[in-house]
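Take a look at the letters that make up each chain.
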Amino acid sequence: MRASHTTGSGRLARAGSGLVSGLLILAFFAAGWRVIPHAGATDSGLIYREAASAAGISTARPVPVFVMRADRSVVRHGAATTEPGGGLRIEFFRSVAGEAPDATEALLFEPTLEVLWVAATDESQDELRRLLDEFQEVSARTIEGVITSDVFNGVYRPMLRSILTDAVSYAWEDEKTQQALAELLESSDTALRRVLTGEIEAILASRVKDALWEMFQANWVNAFGVPFGYELDYEPVMTAMTAVLRDPRVRKTFLAFGSDRLQTDEARRLTERFAIGLVDSLMRDRRVPKVVTEMFGDPRLRAMLQPVSDSLTALFSGLPRNLGGLGEGSSLNPLAAHVFKAMVLSQHVPLVLFVTPEDRARIERIDRDAARTLSPVGRAEAI
Amino acid sequence: MNAATVLRVSGLTIRTPAGVALVEESSFEIGHRELVLLIGPSGSGKTSIINALCGLLDGDEWQVAGRVSYGGREIDLAATRSDLCGLVFQGNALFDDLSAGENLRIAADHAPRSTAKHDPAELLSLLSDIHPDKIVAACSGGQKQRIAIARTLVADHPVLILDEPNSGLDIKSSRRLAGVIKKICTERATPVIIVAHHVDDLLPLADKVFLVDSTTRSIVPIAPDMDAIEREMMRLDVGAGGALAAPGADAGPWKGRIRRGSSLKWFGRYFAEYFWVLCASPFMLAYLGLGGIILGFVSIWFGFNYHAFGGYLKSILHDETLAGIGFVQTTIAVPLVSSILVVARNSAVISADLGNRMLSSQFRAMSNLNIPGLGYLVASIIIANTLSLALLTVAALATASWSALQTWYFFFPDQPFEFWQENYFRRLVEAGPTLFVELGWVACKIVFSSILGSAAAVIIGLRPKTSVVSINNAIAEAIVIGVSMTLLAHAFFAILQFWK
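Chains A and B, in that order, give the protein sequences.
All the letters of the first sequence, read from the start, carry residue numbers 1 to 383 under the working numbering.
All the letters of the second sequence, read from the start, carry residue numbers 1 to 500 under the working numbering.
Read the hints as simulated data drawn from the structure, not as lab findings.
Note that this is a predicted model, so its numbers are computed, not measured.
Here a beta-carbon is modelled for each residue, glycine too, at the ideal position from N, C-alpha and C.
Incorrect hints may have been included.
[Unchecked claim] Label pairs and their computed distance ranges (CB to CB):
| hint | chain 1 | residue 1 | chain 2 | residue 2 | range |
| --- | --- | --- | --- | --- | --- |
| 1 | B | Leu290 | A | Ala361 | 32 to 42 Å |
| 2 | B | Ile459 | A | Arg61 | 28 to 38 Å |
| 3 | B | Ile459 | A | Gly16 | 31 to 41 Å |
| 4 | B | Gly268 | A | Arg61 | 48 to 58 Å |
| 5 | B | Phe302 | A | Arg157 | 29 to 39 Å |
| 6 | A | Glu364 | B | Ala286 | 53 to 63 Å |
| 7 | B | Phe302 | A | Arg286 | 30 to 40 Å |
| 8 | B | Leu487 | A | Gly154 | 57 to 67 Å |
| 9 | A | Gly154 | B | Ala491 | 30 to 40 Å |
| 10 | A | Pro62 | B | Phe410 | 23 to 33 Å |
| 11 | A | Pro62 | B | Phe302 | 22 to 32 Å |
| 12 | B | Ile495 | A | Arg61 | 25 to 35 Å |
| 13 | B | Gly324 | A | Arg286 | 17 to 27 Å |
| 14 | A | Val292 | B | Gly324 | 54 to 64 Å |
[Stated by the list, open to error] Part of the chain A face toward chain B, derived, beta carbon under 10 Å:
| hint | residue |
| --- | --- |
| 15 | Ser17 |
| 16 | Gly86 |
| 17 | Val339 |
Using the sequences and the accompanying hints, generate a full structural model.
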């Protein structure tokens, strides 16, 4: 080391070095200030509440907030935390505060495929419907042979029955299914509601779980498409219900209820909700991929299942691409990333999506129960 | 001349670490205004004799016996290190990281308390043509020699010894120097011993000449052959005048420069010097800043781009991928890379600096001047290096994170940076109180890397150096050992950190 401070030029050089060091240190501070989360990075936030419920929103984890642009691409818009009173305190990111100013409607979604479906473009929805049609057509030709085979009934049906029983329980007991059931029964007379909410409901529930296996056997291909606008064949439900009615304790009640009631909008909604819940449960059940893998690897079934396998591969490869813009070479879709993480990790962290009033109407047309509407109730400081 | 004003050496015996006797039972006397030449063939032991008189021989390896007395003090050389003699080293051993003025001030600040306050005018005759702020490297050979003499005088030892003072000087400078020395000898009434091979210019000024006789292992007086030569040399010396100023000349810029002050400030002086070089210099800051930028870019670019499922990492697995990269970057990668960069570079600097000081006898000069050089330098180095690594790791974290953000923007230009922020630091934020545990592990890695690396560089740098090549070898060795210890320290604490 050498002292460089001697002459005037030496002092100048040293002062210059000090100045450069000072500027570099300032640059480090600026870089750190830019990246480190610190106070004042976000607005103080707004409080939102669910418009149609007084129960409030409860979740332990921070709720991600997204905004849908005009082209239906979605970006993160902020983060929300639950307030003691059940409200959601939403703090918006400053850097995208002006993003999509017309997206004023706040919708609370569960992290399921539904939200990806409603956020998908029309082209993506058409593509998925086409893939589902192909899958349905191929499956219809082969599935009947598989599920009536000795191998399936002897080996796989017991395993699938156990999985399905759990899925049926989940779907039947789901809050939305029960709400749809309540709406269906609302149009019946008081005596029937009283009976159905009493001991007969218990009988019905236990019988329906068995009957729904028959329904699923006839509807499982269509059931995958329900979240994407597919209609179910309700006749098996009617048949199942008829089987339930053979029970002498409920025969009288359901004869009064009448089969025409099972073809109303309320009945359709109940069935849809049940099917959606069923699919959702099956997709979260870690036993499903294991059994399916075994089935598709079973040499006794392979030949029969090969066409379905090919069609299913095409459908699955199209799902991420069309629902989240995902896949090799794709860019970030934070909404799809959140849904995927929630499904893989079984985290039921809801999400808030800001949309335009037009998009909100479109989403409600697709599925009235897909989301819950949130309304602003004031700024965070005022609460 | 009474006994108290005579430097008396009696029964001097010196044996090398190999057991070879250089002198045995030798005695001589020098009057308080006498200038004595100590001559002898190479290897006869001249330098060892003056080192013994200055207390610079390692008593654990060398065998020294005899007594030296002057000014009422008597020292047993076998039991006590002599501090009677101030030595002007061959090659001067100036502290070349200090200015000319600082070389004198540091000696003044470490002189014995009983030392009389120095009159700058007394030294002006030596330093009038040298600005106090002039760096040593910019001084001529004669100026360096006079600074070294002045520095030794400031330390105020009763006896002045010069080792080959005219080595490397032209005949004119050599004669001027001889005049200066003689002037000091007579005006300060200080006994002076000059060890020299080339005595032509010095002989006219010498009062006595002692010969180290290697055949009899004794120090014997010989008659100086002086008359005509001495007269001629004195004429030249008076005629030249040289850098010597007339008595009463203005002290000028040296005024107040050599007054005594606190010795503690020298620790601060050395600490500031090392902190600047090891941490705060623009080169070092830019080096670590650039390292952080490259690391941040590489982690995001290759983390997202060159992977079999790169497209999925950028889409559905984005959040977890970014959270993982952020955690690894802040707790593992940046501290490790920063440690390697800092330890490698600073080990080279430290070993080179100390090696140079060893080669130029600066530590011996410090010892002769009562300066706790090892304490000042080693403590400064270790503290500055540790502080440097901690601060530069923080700086590298800042630039690495900023670079990661910019690279992320390149991939996802439409996304808000708060989204990056939320995920990049998520695992640290979610860690809660255990964040401090994680930071503790990082601190352990930094502190141990720094201490081990700098200690290795210090030890290697302080080993005896015989040439520039030996300094180069020490630099390479210090880098390899320092970096190896850094890797081991990080691996050790990383295992403890993630041990389940």
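Status of the hints after comparison with the structure:
Between Leu290(B) and Ala361(A) the CB atoms are about 54 Å apart, so this pair departs from the stated range of 32 to 42 Å. In this structure, Ile459(B) and Arg61(A) break the distance hint of 28 to 38 Å, their C-beta atoms being roughly 53 Å apart. As the Cβ distance of Ile459(B) to Gly16(A) is approximately 35 Å, the hint placing it in 31 to 41 Å holds. Range check, Gly268(B) to Arg61(A): about 52 Å between beta-carbon atoms, so the 48 to 58 Å window is met.
Distance hint check: the CB atoms of Phe302(B) and Arg157(A) are about 48 Å apart, inconsistent with the given range 29 to 39 Å. Between Glu364(A) and Ala286(B), the C-beta spacing of about 58 Å keeps the proposed range 53 to 63 Å intact. The hint said 30 to 40 Å for the Cβ distance between Phe302(B) and Arg286(A), and at roughly 32 Å that hint holds. For Leu487(B) paired with Gly154(A), a C-beta distance near 60 Å keeps the hint of 57 to 67 Å intact.
Look at Gly154(A) against Ala491(B): about 55 Å separates their beta carbons, and that is not inside 30 to 40 Å. With their beta carbons about 27 Å apart, Pro62(A) and Phe410(B) fall inside the hinted range of 23 to 33 Å. In this structure the supplied range 22 to 32 Å holds for Pro62(A) paired with Phe302(B), their Cβ-Cβ distance being about 29 Å. Judged by the Cβ atoms, the range 25 to 35 Å given for Ile495(B) and Arg61(A) holds: they are separated by roughly 32 Å.
Under the hint 17 to 27 Å, the C-beta atoms of Gly324(B) and Arg286(A), about 23 Å apart, fit the expected range. Between Val292(A) and Gly324(B) the Cβ separation comes to about 30 Å, which falls outside the hinted range of 54 to 64 Å. Because the closest C-beta pair between Ser17(A) and chain B is about 6 Å apart, less than 10 Å, the hint holds. Interface restraint check: Gly86(A) against chain B, minimum CB-CB distance 24 Å, threshold 10 Å, status violated.
This hint holds: Val339(A) has a C-beta 8 Å from the nearest C-beta of chain B, less than the 10 Å allowed.
In terms of the numbered hints stated before, the structure departs from hints 1, 2, 5, 9, 14 and 16, listed from lowest to highest.
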